[in-house]
Amino acid sequence: KQEVTQIPAALSVPEGENLVLNCSFTDSAIYNLQWFRQDPGKGLTSLLLIQSSQREQTSGRLNASLDKSSGRSTLYIAASQPGDSATYLCAVTDRDNNNDMRFGAGTRLTVKP
Amino acid sequence: GAGVSQSPRYKVAKRGQDVALRCDPISGHVSLFWYQQALGQGPEFLTYFQNEAQLDKSGLPSDRFFAERPEGSVSTLKIQRTQQEDSAVYLCASSYGTAGNTIYFGEGSWLTVV
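As they're listed, the protein sequences go chains A and B. To convert, note that position 96 of the first sequence is 96 in my numbering; the numbers rise steadily by one, no gaps. To convert, note that position 52 of the second sequence is 52 in my numbering; the numbers rise steadily by one, no gaps.
Pulled out of the complex, with its shape left as it was, chain A reads as follows:
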C-alpha cells in the first residue's frame, strides 16, 4: 500500500525566506503527484500537478520537483509571504488505478510578517 510522508509537519519562517517542503512516497508506480494548499476550514486547492514522466513544474513563486525513482518530491516556495500561510499537502495517484489518490498528512506553514 502506498505510504506518503511529509516533512516537516510544521514550519514557521519570517517573510521573504525561500523554503522547501518535502514529500516522500513508498511505491514509485505512480501516475502523477500533486501539491495542494488547504486553508483553515476550507477545501483543497491544487497548486501543481507533475506527471510521472516529468521532473518539475513551476507556477509563479512555486516550483515542484519529482524524483520518481527515489520516491521524493519537493515544493519550493520563493520569497515567502504571509499569504502563503496554509497547510500544504502532497498526493500521489496510483499508476494502475488513476482514481486511487493517497495524501500525506501535510506541512503546516506559517509565514510571519
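Errors might be hidden in some of the hints.
[Claimed, not checked] Heads up, simulated DSBU-like pairs for lysine-lysine below, C-alpha to C-alpha not over 35 Å straight-line:
1. A:42 - B:11
2. B:14 - B:78
3. B:78 - A:1
4. A:68 - A:1
5. B:78 - B:57
6. B:57 - A:1
7. B:11 - A:1
8. B:11 - A:68
9. A:68 - B:57
10. A:1 - A:42
11. B:78 - A:42
12. B:11 - B:57
13. A:68 - A:112
14. B:11 - A:112
15. A:42 - A:112
16. B:57 - B:14
17. B:14 - A:42
Hints listed in this document are in silico derivations from the structure and should not be mistaken for laboratory results.
Since the structure of chain A is provided, determine the placement of chain B on it from the hints.
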C-alpha cells in the same frame, strides 16, 4: 455553481443518530470522490463514482457508511448510527476525468459526534 458545493457545512450529531451529507459537484464532471479528513491528517479515500456508478467503495470504514449518486450528479454520503470516531471533515471532490486529472474539492462538511 462555479465550484463543488457541500452541505451542511457543520453538523453536530448525537451518538447513534443518522446523518446525511450532500455534495453538488461541478456541472459536467463525471467523477465524484468522497474523502474523510481527521484533524491534523491528510484526506483518506472513502468512495468513488463515475456518473451514477459506484466503482470503488473500498475506503468506506464500515457498513454504517453508504453513498449514492442516483442521477450522476448530486451525491449523498449517509452515516448510520454515528459514533464518536466518525467525527471528521468529509470532503467531496469532482473531476472531469479521473482523480489523476485536475480535481476540485468542496469546503467540506464538518461532523462532530457527541
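Consistency of the hints with the structure:
no.	hint	result
1	A:42 - B:11	15 Å, holds
2	B:14 - B:78	15 Å, holds
3	B:78 - A:1	27 Å, holds
4	A:68 - A:1	16 Å, holds
5	B:78 - B:57	13 Å, holds
6	B:57 - A:1	16 Å, holds
7	B:11 - A:1	32 Å, holds
8	B:11 - A:68	41 Å, violated
9	A:68 - B:57	28 Å, holds
10	A:1 - A:42	28 Å, holds
11	B:78 - A:42	21 Å, holds
12	B:11 - B:57	23 Å, holds
13	A:68 - A:112	33 Å, holds
14	B:11 - A:112	33 Å, holds
15	A:42 - A:112	21 Å, holds
16	B:57 - B:14	26 Å, holds
17	B:14 - A:42	24 Å, holds
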